[in-house]
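S.K.: Letter by letter, the chains look like this.
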Amino acid sequence: MKKLINDPADVVAESLRGLAIAHPELRVDHPNRVVFRGDAPVRGKVGIVSGGGSGHEPMHGGFVGVGMLDAACAGEVFTSPVPDQMVAATTGVDGGAGVLHLVKNYTGDVMNFEMAAELVAAESGTEVVSVVVDDDVAVQDSLYTAGRRGVGATVLAEKIAGAAAEQGRPLTEVAELARTVNARSRSMGVALTSCTVPSAGTPTFDLPEGEMEVGIGIHGEPGRRRVPVAPAREVAEMLLEPVLADLDYTGGDGALVFLNGMGGTPLIELYLMFGEVVQVLEKAGVQVARSLVGSYMTSLEMAGCSVTLLRVDDDLLRLWDAPVRTPALRWGV
Amino acid sequence: MADEISVDALQAWLRAFAGAVAENRDQLTKLDQAIGDGDHGTNMDRGMSAVVAALDDAPPADAAALFKQVGTTLVSKVGGASGPLYGTFFLRLAGAGGAGPWDAETFARALRAGLDGVVARGKAEAGDKTMLDALIPACDALDAALAAGQPLGEALTAAADAARDGRDATVPMLARKGRASYLGERSIGHQDPGATSTSLLVETAAAELG
Chain A
1 MKKLINDPAD VVAESLRGLA IAHPELRVDH PNRVVFRGDA PVRGKVGIVS GGGSGHEPMH
61 GGFVGVGMLD AACAGEVFTS PVPDQMVAAT TGVDGGAGVL HLVKNYTGDV MNFEMAAELV
121 AAESGTEVVS VVVDDDVAVQ DSLYTAGRRG VGATVLAEKI AGAAAEQGRP LTEVAELART
181 VNARSRSMGV ALTSCTVPSA GTPTFDLPEG EMEVGIGIHG EPGRRRVPVA PAREVAEMLL
241 EPVLADLDYT GGDGALVFLN GMGGTPLIEL YLMFGEVVQV LEKAGVQVAR SLVGSYMTSL
301 EMAGCSVTLL RVDDDLLRLW DAPVRTPALR WGV
Chain B
1 MADEISVDAL QAWLRAFAGA VAENRDQLTK LDQAIGDGDH GTNMDRGMSA VVAALDDAPP
61 ADAAALFKQV GTTLVSKVGG ASGPLYGTFF LRLAGAGGAG PWDAETFARA LRAGLDGVVA
121 RGKAEAGDKT MLDALIPACD ALDAALAAGQ PLGEALTAAA DAARDGRDAT VPMLARKGRA
181 SYLGERSIGH QDPGATSTSL LVETAAAELG
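Protein chains in written order, with the UniProt record's numbering: chain A, 1 to 333; chain B, 1 to 210.
Do not rely on the hints blindly, as some may be mistaken.
[Claimed, not checked] Ranges between beta-carbon positions, derived for each pair:
{"#": "1", "chain 1": "A", "residue 1": "Glu-118", "chain 2": "B", "residue 2": "Asp-103", "range": "24 to 32 Å"}
{"#": "2", "chain 1": "B", "residue 1": "Leu-174", "chain 2": "A", "residue 2": "Lys-3", "range": "32 to 40 Å"}
{"#": "3", "chain 1": "A", "residue 1": "Gly-285", "chain 2": "B", "residue 2": "Ser-49", "range": "54 to 62 Å"}
{"#": "4", "chain 1": "A", "residue 1": "Asp-206", "chain 2": "B", "residue 2": "Asp-103", "range": "47 to 55 Å"}
{"#": "5", "chain 1": "A", "residue 1": "Val-229", "chain 2": "B", "residue 2": "Glu-23", "range": "37 to 45 Å"}
{"#": "6", "chain 1": "A", "residue 1": "Glu-14", "chain 2": "B", "residue 2": "Glu-23", "range": "27 to 35 Å"}
{"#": "7", "chain 1": "B", "residue 1": "Leu-174", "chain 2": "A", "residue 2": "Pro-228", "range": "22 to 30 Å"}
{"#": "8", "chain 1": "B", "residue 1": "Ile-188", "chain 2": "A", "residue 2": "Ala-121", "range": "35 to 43 Å"}
{"#": "9", "chain 1": "B", "residue 1": "Gly-19", "chain 2": "A", "residue 2": "Glu-14", "range": "40 to 48 Å"}
{"#": "10", "chain 1": "B", "residue 1": "Pro-172", "chain 2": "A", "residue 2": "Gly-285", "range": "54 to 62 Å"}
Because the hints were derived from the structure by calculation, they are not lab data. Ideal Cβ positions, reconstructed from N, Cα and C, are used throughout, including at glycine.
Next up, chain B with everything else stripped away, as it sits in the complex:
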């Protein structure tokens, strides 16, 4: 198996994501106040702080155990819509990747399973102005880059670029899911908070796993 991704690197990714969420906490909440219920930053920060505390307490032995712990912690601590969506994402990552060592291909397959989990849980699709608008292009870019023979680092950089573009593309969208959907036309012109945090997730993956 080529280019094994160490559990330490995956842990570093999640810690970096927690850091990015804490740093962008107020921005995420501000984006959510504009079109949602204004708790995305607070909730994700509470969840990811709990994730870091759990990692400090008992670092998991393999990737599957790691993502399972992260998923359960988020489901248990976050609430709202973000808890089940991010929680399901990480739980599916664990299930699809399995306990053995992960390589780039395992990681991409797990990410795709996580994406499928978010679709199933949230019943949203591309263009609804949700976290999927960053996650779908990121998974597509990652798969395409790996299929073209690029190493994981470059493929994840491409995925992070796609996530950012996807996040920016939510600005002119009309929300069709979540609380923002009640705004109808008034949701246009605002960047989606979920797509913003998802973009942070992929960006930190590119920084830590490359």
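Only chain A is shown next, with the shape it has when bound in the complex:
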């Protein structure tokens, strides 16, 4: 393992220390490992809290700021945060209009956020609504698994719900928008290499040269199948085929297309892949309404990418275009 770290046990704390210095507009609660928007709580505005295991940067701390998240909880690497952190985040962003918890569908995240919501309900008057994101078509949504994983759509839900909250919309409406984004989004990912969790020291899985794993999650979980490495054109088809089979993206206002890097793939390859993705979409009759290309939800240094499509309408597009000022996403300001 070669990493720019000191002690594997200190990676999350020391990374948050750097983030706090680099972004003085944020406020970091180090004991609780919560990244707050500097001006939180914003009076009368719905608070938006997300969080999860670390190692997915900029998800979630990099999305804290005006127009997106009010707070993000950072767990250990690939381990969900604990309820105490979420309670601190929730009470810290409550501006009197309630708080939305945006939760990725992983057993640990769901259970810890559930306990946090119970604790908040028992201890304060803050109203909390939770929306669970589960957009990964690689996993069958059935009674026989923990359900589809939450992946790329989380970024889109955080942006759109964040914009709605910034406009002063009420909690029920902000939550409903997050649910809509989730319901209209599907994602699929591919890994070319494994990542190495600092405390483990060895790669999470063994992926020989010449092979790739199709249908991965964001922790290096195995995917649907292992296949020989293919040209980008074929990878784009492999990823989009199940996405397009699951939801209709033709007609209307088209789709927001999000090509996400897993941390170890350079932008030159991501833009190349995006070109291929758009070609497949054009063939399928899907109109590209908005694009987002970059490494926004990573798995440490894993090479690979995921594609997320969101079927948009006017309201969603306006919220997507609304100003956002965070370390990792910033426009219109």
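Take the given structure of chain A and dock chain B to it, following the hints.
M.R.: Coordinates of chain B only, in the frame set by chain A:
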């Protein structure tokens, strides 16, 4: 009330469990790497070390206070799925057993409440390849042995045997909960890490409370 279980004995159980988790830390992580996200040993060890530190710092006066402290510590320190599941288990133990002195019957009733808590929190059932596959047979064996008039020591030995058998029975199972469920058929042939740590929990109870 016959055969009161002392708070010291219950504390000794939790310390023994912490020891067993530390000793099996790498094995638990290895089992979890095969079908989960590879942090079960690390997380449980971090949690149980914190439990021991809290016990050293301020030993609770009664069983309910003890288990409440253990439950809150695990919820606060572990994260992942194990934190809420083990945390809920111990918090329910505290609530069901109450502050008065505990006997074998109280202990069995509390354990059953802990089991119910894990079911409610994790929404899993027997056969899903989770910690419940060790915990359910252990509670059943404990209840049956106590109902048959066996003393607590023997009843807990029966429970520990049942937990171990339940743990071994997870090997051929297809996972339906947690991250292992994404593996589908590929989860078959691996022992469940949660059932393994739960088996340690019941085994150390048999060793310390018998």
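S.K.: Confirm or reject each hint.
M.R.: Here is what the structure says about each hint:
no.: 1; hint: Glu-118/A with Asp-103/B: 24 to 32 Å; verdict: holds (31 Å)
no.: 2; hint: Leu-174/B with Lys-3/A: 32 to 40 Å; verdict: holds (36 Å)
no.: 3; hint: Gly-285/A with Ser-49/B: 54 to 62 Å; verdict: holds (57 Å)
no.: 4; hint: Asp-206/A with Asp-103/B: 47 to 55 Å; verdict: holds (52 Å)
no.: 5; hint: Val-229/A with Glu-23/B: 37 to 45 Å; verdict: holds (42 Å)
no.: 6; hint: Glu-14/A with Glu-23/B: 27 to 35 Å; verdict: holds (30 Å)
no.: 7; hint: Leu-174/B with Pro-228/A: 22 to 30 Å; verdict: holds (28 Å)
no.: 8; hint: Ile-188/B with Ala-121/A: 35 to 43 Å; verdict: holds (40 Å)
no.: 9; hint: Gly-19/B with Glu-14/A: 40 to 48 Å; verdict: violated (30 Å)
no.: 10; hint: Pro-172/B with Gly-285/A: 54 to 62 Å; verdict: violated (46 Å)
Consistency with the previously given hints fails for numbers 9, 10, ordered from lowest to highest.
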